[in-house]
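S.K.: So the sequences go chain by chain: E and G. Just so you know, we're using my numbering here: the first sequence kicks off at 1 and counts up by one. Just so you know, we're using my numbering here: the second sequence kicks off at 1 and counts up by one.
Honestly, the hints are just simulated from the structure, not real lab data. Be aware that a few hints might be false.
As the list claims (entries may be wrong) - Label-pair distances were calculated between CB atoms; the ranges are:
1) Glu322/G / Lys275/E: 47 to 55 Å
2) Arg27/E / Arg133/G: 34 to 42 Å
3) Leu308/E / Leu24/G: 27 to 35 Å
4) Lys15/E / Lys124/G: 27 to 35 Å
5) Ala29/G / Ser52/E: 54 to 62 Å
6) Tyr166/G / Asp14/E: 40 to 48 Å
Stated by the list, open to error - Here are the computed lysine to aspartate or glutamate pairs in the EDC-like style, where the Cα-Cα straight-line distance is at most 20 Å:
7) Lys275/E / Asp312/G
8) Lys275/E / Glu170/G
9) Lys254/E / Asp296/G
10) Lys254/E / Asp40/G
11) Lys254/E / Asp280/E
12) Lys15/E / Asp40/E
13) Lys254/G / Asp68/E
14) Lys275/G / Asp40/E
15) Lys222/G / Glu271/G
16) Lys275/G / Asp268/E
17) Lys275/G / Glu174/E
18) Lys275/E / Asp296/G
19) Lys275/G / Asp312/E
20) Lys254/G / Glu271/E
21) Lys275/G / Glu83/E
22) Lys124/E / Glu174/E
23) Lys275/E / Glu298/G
24) Lys275/E / Asp314/G
25) Lys254/E / Asp268/G
26) Lys216/E / Glu174/E
27) Lys254/G / Asp312/E
28) Lys216/G / Asp268/G
29) Lys275/G / Glu298/E
30) Lys275/E / Asp253/G
To be verified - Partial chain G-side listing against chain E, Cβ under 8 Å, derived:
31) His30
32) Leu32
33) Pro35
34) Leu139
35) Thr190
36) Tyr194
37) Leu196
38) Pro233
39) Gln235
40) Gly237
Idealized CB from N, CA, C, for every residue including glycine.
Residues per chain are reported as follows:
2 protein chains.
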Amino acid sequence: MTIVDIHGHVSAPDKLYAWKANLLSHRGAHGLRPPALSDDAIREAYLAPNDSFGNISHLAHIDGAGVDIQLLSPRPYQAMHSERPAAIVRAFTEEVNNVIHRSCELFPGRFRGIAGLPQSPDLKVEEWVGELRRAVTELGFVGANLNPDPYEGLQVPPALGERYWYPLYEALVELNVPAIIHSAGCRPPTREPYSLHFIQEETVAVWSLLSSNVFKDFPDLKIVVTHGGGAIPYQVGRFLPSGVRSGATPYLDKLRLLYFDTCLYTRDAIELLLKTVGVDRALFGTEKPGTGSQIDPETGRWFDDIHLLIDDIDWLTTEQREALLHGNAQSLFKL
Amino acid sequence: MTIVDIHGHVSAPDKLYAWKANLLSHRGAHGLRPPALSDDAIREAYLAPNDSFGNISHLAHIDGAGVDIQLLSPRPYQAMHSERPAAIVRAFTEEVNNVIHRSCELFPGRFRGIAGLPQSPDLKVEEWVGELRRAVTELGFVGANLNPDPYEGLQVPPALGERYWYPLYEALVELNVPAIIHSAGCRPPTREPYSLHFIQEETVAVWSLLSSNVFKDFPDLKIVVTHGGGAIPYQVGRFLPSGVRSGATPYLDKLRLLYFDTCLYTRDAIELLLKTVGVDRALFGTEKPGTGSQIDPETGRWFDDIHLLIDDIDWLTTEQREALLHGNAQSLFKL
Numbered sequence: 001m002t003i004v005d006i007h008g009h010v011s012a013p014d015k016l017y018a019w020k021a022n023l024l025s026h027r028g029a030h031g032l033r034p035p036a037l038s039d040d041a042i043r044e045a046y047l048a049p050n051d052s053f054g055n056i057s058h059l060a061h062i063d064g065a066g067v068d069i070q071l072l073s074p075r076p077y078q079a080m081h082s083e084r085p086a087a088i089v090r091a092f093t094e095e096v097n098n099v100i101h102r103s104c105e106l107f108p109g110r111f112r113g114i115a116g117l118p119q120s121p122d123l124k125v126e127e128w129v130g131e132l133r134r135a136v137t138e139l140g141f142v143g144a145n146l147n148p149d150p151y152e153g154l155q156v157p158p159a160l161g162e163r164y165w166y167p168l169y170e171a172l173v174e175l176n177v178p179a180i181i182h183s184a185g186c187r188p189p190t191r192e193p194y195s196l197h198f199i200q201e202e203t204v205a206v207w208s209l210l211s212s213n214v215f216k217d218f219p220d221l222k223i224v225v226t227h228g229g230g231a232i233p234y235q236v237g238r239f240l241p242s243g244v245r246s247g248a249t250p251y252l253d254k255l256r257l258l259y260f261d262t263c264l265y266t267r268d269a270i271e272l273l274l275k276t277v278g279v280d281r282a283l284f285g286t287e288k289p290g291t292g293s294q295i296d297p298e299t300g301r302w303f304d305d306i307h308l309l310i311d312d313i314d315w316l317t318t319e320q321r322e323a324l325l326h327g328n329a330q331s332l333f334k335l
Numbered sequence: 001m002t003i004v005d006i007h008g009h010v011s012a013p014d015k016l017y018a019w020k021a022n023l024l025s026h027r028g029a030h031g032l033r034p035p036a037l038s039d040d041a042i043r044e045a046y047l048a049p050n051d052s053f054g055n056i057s058h059l060a061h062i063d064g065a066g067v068d069i070q071l072l073s074p075r076p077y078q079a080m081h082s083e084r085p086a087a088i089v090r091a092f093t094e095e096v097n098n099v100i101h102r103s104c105e106l107f108p109g110r111f112r113g114i115a116g117l118p119q120s121p122d123l124k125v126e127e128w129v130g131e132l133r134r135a136v137t138e139l140g141f142v143g144a145n146l147n148p149d150p151y152e153g154l155q156v157p158p159a160l161g162e163r164y165w166y167p168l169y170e171a172l173v174e175l176n177v178p179a180i181i182h183s184a185g186c187r188p189p190t191r192e193p194y195s196l197h198f199i200q201e202e203t204v205a206v207w208s209l210l211s212s213n214v215f216k217d218f219p220d221l222k223i224v225v226t227h228g229g230g231a232i233p234y235q236v237g238r239f240l241p242s243g244v245r246s247g248a249t250p251y252l253d254k255l256r257l258l259y260f261d262t263c264l265y266t267r268d269a270i271e272l273l274l275k276t277v278g279v280d281r282a283l284f285g286t287e288k289p290g291t292g293s294q295i296d297p298e299t300g301r302w303f304d305d306i307h308l309l310i311d312d313i314d315w316l317t318t319e320q321r322e323a324l325l326h327g328n329a330q331s332l333f334k335l
């Protein structure tokens, strides 16, 4: 069965990150020109075994899981949205998008691009939109990551229901591409390392969007929440009573204004997600290679072999499996 | 079957909260003396129908659910830990504990006290401990609430793994009572109203405690995480791979250093909790009357009739039901 994985992150030569380290040291004093990256170096980033990810390559990971097409976004914890000056955020974001674009070209048909946006709090949201427009219209990207916390934990950002974000929503609707909620780093990390911050920000994002007017004001806006929606599907009972009390749309119906990926790594959690939001609102996503790229000694499987967890869910019909593994994504991202 | 509900909050006469409003207005200028509350007024707070909670009384709620004993803690969103000066936090916390104590006396055998602590960030943790000691040794309380975020969202507090908290852990072990993780208010509330903050802080609390040395340094410390542990049981797959990679205790085993209540309001979520942490680490809790005290028009049940959701879980043995509904709580809180 065709498999579309909506949750993949770019692999790139070390040279890209060495440049980032430089940007963070000279803060622009040496200029903003990215390093020359050869096609071979980019190709190698997908073909070389990676010791952070179980010592096999990016391509071997997705081949092994039967993934036909993977959506590639920037590696989120590297996004550095809160770094200053904003010019270095912008330069790095643009170059990462270029690398994603080249990755798509170098492995024809295998990847599609999801843009990072230069979400510096020092830039206007309208300025982020310029890069979204370039990525979609010039690079052929099919969506963009949206970090609800451009401050990366340093201060409280505007909630996603606030008008601050509206220029971005307008552009997403105009360009007819979905946004994928995915936060970036977290400073300081003692209580909340970036990986936990992802989950926390997804929880806040769902709450903020569904308690706001965003989907009234932008009925055509499409938003995907990663990692199964943070805490919300598990905690959804908490939000049902007030919906009844206030006579609002029932919360379970509201949830279906959003889409959710399956990047969860346990069958019980994936089943809870599917039952809570509906299979038609769920999209296959693995984050492969990434957090879950480790063999589980108990099962001999990769933790992020989410297709096997879905195989194990016996109540899904063939139509539901097709929708979950590719149909929903193909239609949402117009693949 | 005997039912012990470990997640109840005090009901109190309006006069108590009118005093709080005064404290927040005069900030101590009119003194700190609490108002006289009659026994009748306190009794009435449990016996009068409450229009915030479906227009029936606190007692009717727990009677209707077959709850024999409920643990009563302060109403968390009222705790005002971040208000200044600290003297008003201390005065209010002590008086709420007094009202809890009197509630226990006025309804013999029905309630047991869980202390609020005067968790002002302007007080030393050692100063909070004084009130814990008074509540346990003088008022007969069986545990205490622990708010991981005394700043109530205004700044980043020390993580629960940091030594800042150790004087409290020492006292909990010495007094041999559990702490119950439950945060208080959240300022500002636009992204994260207090009810969502509860969930977020529980997620951070589990992560902080299990990635620290707390249970090595305090092997006898007992900690209960409310609302089913925030996001963690649903997101647990995320924490398994790094445990394998680092050779640490498997995360599912680590989770069993903690206890969790069932305050979740959907059967799917409760089942996921029980499967993830084990029935022996789960405690019946309803927060009744509270967030879930609303009739579900689809089922005709109160959303917080969690005993009915547990009745519906068909794979629990009688022994497991007994442990979940009273045995685990009786042994943990020595009831």
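S.K.: Mind listing which of the numbered hints don't hold for this structure, in increasing order?
M.R.: 1, 2, 3, 4, 8, 10, 13, 14, 15, 17, 20, 21, 27, 28, 30, 31, 32, 33, 34 and 36
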